[in-house]
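Q: Hey, can you work out the whole structure from these sequences and the hints?
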Amino acid sequence: MKKKRIIVSGILVAVCSVFFLTSCKTKEADKVTITLIHGWGSTEADHIAMRKIYEDFERENPEITLNLISMPSSEDVISKVEDLLTVGEIPDIIFTGGDGRESVYNFMVEKEYALNLMPYIEKDNELKDNISPSILSYWTTEEGQLYTASDVLLMGGGYWYNRDIFEQAGIEEIPKDWEQWIETCRKIKEYGEREEIKIEPILLDSDQIIYLTDAILSDEDPSMLSDLSNHKVNLYSLGFRRTIEKLEEFSEYVQVVNSFNYRDTLVSFNQKETAMYINGVWASSMISPKLNVAYAAFPTENGDGVCAVSSCVGYILGDTKDNGRMDASVKFIKYMLSQPVAKRILEETGQVPSNPHIVISEGACKERLFQAVSCVQGTSRIIETPANIWGKAKKEDYGDNLILYLENKISYAELQERLGQ
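So the sequence shown is residues 0 to 420, counted in numbering that gives the first Met the number 0.
Hints are computed from structural coordinates only; laboratory data are not their basis. If you're wondering where the values come from, they're calculated on a predicted model, not measured in any experiment. All C-beta atoms in this analysis are idealised placements derived from N, C-alpha and C, irrespective of residue type, glycine included. Just so you know, nobody snuck in bad clues.
Simulated DEER-style distance windows between Cβ atoms: (1) D128 <-> Y411: 47 to 53 Å; (2) S78 <-> D176: 37 to 43 Å; (3) R50 <-> S78: 16 to 22 Å.
A: This is the structure in structure tokens:
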């Protein structure tokens, strides 16, 4: 009798084990796997924080496996995605970080590879409530379709400056117009020469030239900025001629560099080798905490200042025709736009979230970031960021060739010819 009980018990254990294993396999089979290709792949603090936010999506959604393909930059993301699209592979989610409008974004929309988010937004009030009006107004097509959404706003179009260097150079207030800007550059240059220390007002690379061009053009010919979004650079126009003349004026007092990127100029600023650093408010977390810095708007002729705020290309979802994967991808977007994640983006990465319910207050973020955001929000003139004004190829072509012109390596006629005028 005892032996029979043991046999029966063994059978029950075996049956339960089979049932448990089968149940586990069924749950695994029910999980949906989606892939996110993003440019937060470096070792910088904000990159690490963003990857952690991505990874936490799985904890909140155990039925979804998120496969992260981490690239070191947006340029690498675009290159990777272009390779995949060439062989007919449509990624589930792509984050371009503001780049790729005229390449990946346009191609995927034209080929109907990009998922239209509008039907999902219209039937989900929570998602609709958390999406920025600036995203909807700028990126909704004439047909009422939406193919991209970003979790952050690009807020900047101004510059960071070292308060201590300004004071030591005898600069009592930030420049309000372009004549004062040139005078500020001259004073910093002379201060460095007088004290025999390595210091420049600013390193003028192609990126910083673009920001300055947009700011000056907003004075000289505001209509030209909308023309640039259509990839037109009219160097024959009076507005553009005056803009380049201003760039020539203060290039006499600054160092023009042709092989730097934003990380190189940031290192120079952190080492107190430059007094000003052109970038967005998001750079606050990358600037050394030991520096006494503040953010300022670019000068204007009327002294009110100009900054840039935009919603750029962000997440693009693939129209893979797989409803399970597409639904999971939309759930990821909903997660990234939610208020809890928006707060984490603000606090942990120093970026300005696009969620309209997040208020940038003094207690909600670090003092440096709050000052920068307040500066931008208090500026009377707001323009689009360069990512929305220029195409990537046109922007690089203009910036690289203008450096050659400012270095007296090509004439103005050659500059016009190189830019296809």
